[in-house]
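Residue numbers (this note's numbering), protein chains in the order written: chain H, 28 to 431; chain S, 28 to 431.
None of these hints come from the bench; they were simulated from the model. Each hint should be verified, as a subset may be incorrect.
A pair counts as met if it fits within one copy or between any two copies, since identical chains are not told apart.
What the hints assert, rightly or not - Capping the alpha-carbon separation at 25 Å, the derived lysine-lysine pairs in DSS-like fashion look like this: (1) K421 with K90; (2) K431 with K64; (3) K272 with K301; (4) K277 with K305; (5) K107 with K261; (6) K261 with K301; (7) K228 with K261; (8) K421 with K230; (9) K230 with K85; (10) K228 with K258; (11) K77 with K260; (12) K90 with K431; (13) K130 with K77; (14) K90 with K230; (15) K118 with K130; (16) K314 with K77; (17) K314 with K301; (18) K272 with K386.
Listed here are the chains, written in short residue letters.
There are 2 protein chains.
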Amino acid sequence: MLGNVLVGQSGGPTSVINASLYGVVIESRNNKDKIGKVYGMVNGIEGFLKDNIIDLEKELDNKEALKTTPAAFLGSCRYKLPDNHNDYVYKKLFEKFKEMNIKHVLYIGGNDSMDTVNKLSQYAKINGNDITFNGIPKTIDNDLIITDHTPGFGSAAKYVATTVREISLDAQVYGTPSITIIEIMGRHAGWLTASSILARKFKNDNPTLIHLPEVYFNIEGFLKSIEEKLKEKKNIVVCVSEGIKDENGKFICEYNGDIEKDIFGHKNLTGCGKILEKIVKERLNIKTRSIELNVMQRCTVTNACLTDINEAVNSGRFGVKLSLNGETAKMICFNRIDNEKYMINYKYVDVGYVCNQEKLFPKNWIIGNNTDIHYDFINYVTPLIEGEVNIERKDGLPVFCYRK
Amino acid sequence: MLGNVLVGQSGGPTSVINASLYGVVIESRNNKDKIGKVYGMVNGIEGFLKDNIIDLEKELDNKEALKTTPAAFLGSCRYKLPDNHNDYVYKKLFEKFKEMNIKHVLYIGGNDSMDTVNKLSQYAKINGNDITFNGIPKTIDNDLIITDHTPGFGSAAKYVATTVREISLDAQVYGTPSITIIEIMGRHAGWLTASSILARKFKNDNPTLIHLPEVYFNIEGFLKSIEEKLKEKKNIVVCVSEGIKDENGKFICEYNGDIEKDIFGHKNLTGCGKILEKIVKERLNIKTRSIELNVMQRCTVTNACLTDINEAVNSGRFGVKLSLNGETAKMICFNRIDNEKYMINYKYVDVGYVCNQEKLFPKNWIIGNNTDIHYDFINYVTPLIEGEVNIERKDGLPVFCYRK
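Looking at chain H on its own, in the form it has when it is part of the complex (with noise of 0.2 Å):
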């Protein structure tokens, strides 16, 4: 009897998460002769604790728009996985492997979701089960170690590009001075917030101003520098990643009053922007507004990247052969051979790894008194960001994969 694979997903969506998700049931009906099954966790390894499993194939009619189906199309979670590998979850869970013939497991996510792949097959490898556990990657915020990048940072990366470059020209239509300021995801790595730079077309043109969370942000230093740039010109756009902190470590976020914390302890960050907005009003007098292109960052597929998808199809077709070869506690990465003619190959690293690591924007290409960004990143960013998706359309609109 074959075995069968399980395919989660796990964290905050991205616009290619599915693409992954796609590239595993692909390559998965491939191996026909290797492959029974192949079922899907909803909501993620805690779906999965309560039962919640769906048979893939008999739920996917119309795969090809899953390519380009925003959010997680099973579900996800932020669930934690016990420290100790003697707690009940971890018996419960192999039960239900083996009741399941599950053979190969892979999980689509970040940081946390690859703590998860690390945890269950440290497990395995214990109590002597074959079982492959492998993670596919997926976050906008780039913060994966190892990888040149992730999957769903390049259609995020175009999504603030192309929004800022709009926004820029919309913020410069009256003959008044005004400042804007554009809220950015990313807590502790500035890759998505540097991505704006790409926004700025010749010399002098928005954005002006750039802060990432890797330099501390002055507020003092921040008034000077608009006051600064506002002799050259009008209309300034300012780029800020939500999780920009002053010199004590404090989040800007957090002049706000109280902020509360997620399961896995990260503080949920929004409004940096809004707070910066009510103090370059009082301090300086002029027109100022905020922009959060909040969940709009992750989820938009109109303007997503082809090359993203093509890369995240790959990743999940690639974490399917990788299993099939007897690997686990792997997480796919990709390895950049050519930047000339932009190339990459998959390779694979230790999950043990890269789990609980973050990739931080790298200093040197934080320049311009920590408000620019060097042109290396430049470089490095625009094959990541190219290649226009065909999305399906019925009535003028995009054409989504629903679960059933």
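Once you have looked at the hints, place chain S on chain H.
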């Protein structure tokens, strides 16, 4: 010596206001035997008064990209002409028109801009001046009377419907209950917020509740309907217009303290989404997020609507034809002749009749205890969001037209 055309843009920008400008330039060039130069006012009538004028043919080396360049290529203004025709500003304007040999003035804008067209044409009539003044409609709000719809509305509606559909998927990835509140532009008219209904794909799909400014918004009733709906599904998406008001006529966003007024006496509304988010969190103790679609509604061209762009171009062209026929004090309007297979023709109406009036969303299309939209509106709006644009791109990003 041939008379010249003068064209300006005024009021809030849209994704297609430059398509109308493109139409004016193209049609003027098609009539080289009747029209000399095409001048553009930079920052509308206000910039014109400061001699801020450009020669549009010299300026536009890449006319095609102008059709898909968001915001106002010429810049905009919110300048209100005085009611008193004896005011010095009229004398000054008409002297400048004479000096520049202007025979036709075209003004692209919304309600307030039509007020400008009306006042200038009245002055000309009183003083026996034969310059023509005509208005080309533009507003994402769709609130101009007589015309079936306005250029700019279709693209904004397509953005709202697409984005609400994408956000609705994003909002339901976790297994836990949540409320997502999406704030959509529209001070008094709910057309754009109503368009969010198009995101709903099947019965019980999101958006679940839609609140327009045409009917009073009751906070207690709102909380009660959320509790009701939570019995049926876990993740609820609510779409609210920025301009929703309570029974006493107080804007919900005013619950947050004082707000400013702009020069036309409109209140600057933002933030009812954030205020409702706070109230829902406090009162229902449920995970709540608010999302402001902000200026992306009016400046996203990557998801603009081809029908809208074509109609905007045609409005500009028709404005020139009308002027050459000697018509003055008119606004272009659309007349829908067939809905089965959507078809419109271009007409015109006295600008004095349309200016300073608002077309609100019909009360009989607001159903479901003021939280839902009638199917007749879906029939009305669907043809207005159809057709995809092909945007010129370089390095993965859209190419726009910039003033030299």
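Q: Pop the pair K107 and K261 into one bin, within, between, both or neither, using alpha-carbon distances up to 25 Å.
A: between (49 Å within a copy, 22 Å between copies)
(Q) If the cut is 25 Å between Cα atoms, do K230 and K85 qualify within a copy, between copies, both or neither? (A) Answer is between; shortest inter-copy Cα gap is 22 Å, intra-copy 54 Å.
Q) Is it within a copy, between copies, both, or neither that the alpha carbon of K261 lies no farther than 25 Å from that of K301? A) Within. Shortest intra-copy distance 21 Å satisfies the 25 Å Cα cut-off; inter-copy 29 Å does not.
Q | 25 Å Cα threshold - placement of K261 relative to K228 | A | within (17 Å within a copy, 44 Å between copies)
Q | Same-copy or cross-copy closeness of K314 to K77 [CA-CA at most 25 Å] | A | between (52 Å within a copy, 22 Å between copies)
Q. Is it within a copy, between copies, both, or neither that the alpha carbon of K421 lies no farther than 25 Å from that of K90?
A. Within one copy only: 16 Å inside a chain, 30 Å across chains, cut-off 25 Å.
Q: Can you give me the call for K314 and K301, within, between, both or neither, at a CA distance of at most 25 Å?
A: Answer is both: 13 Å inside a copy and 20 Å across each meet the 25 Å cutoff.
Q | Homomeric proximity label, K228 with K258: Cα distance no greater than 25 Å | A | Within one copy only: 20 Å inside, 50 Å across.
Q) Is the C-alpha distance from K272 to K301 at most 25 Å within one copy, between copies, in both cases, or in neither? A) Cα proximity of K272 and K301: in one copy and across copies (15 Å, 23 Å).
Q) When no copy is specified for K90 and K230, does a C-alpha distance of 25 Å or less occur within a copy, between copies, both, or neither? A) between (44 Å within a copy, 23 Å between copies)
Q | Intra/inter-copy verdict for K77 and K260 if alpha-carbon distance must be at most 25 Å | A | Intra 58 Å, inter 18 Å, cutoff 25 Å: inter-copy only.
Q.
Within, between, both or neither: how does the pair K277, K305 come out at a Cα-Cα threshold of 25 Å?
A. Both. Shortest intra-copy (18 Å) and inter-copy (23 Å) distances satisfy the 25 Å Cα cut-off.
Comparing the model with each earlier hint shows no violations; every hint is respected.
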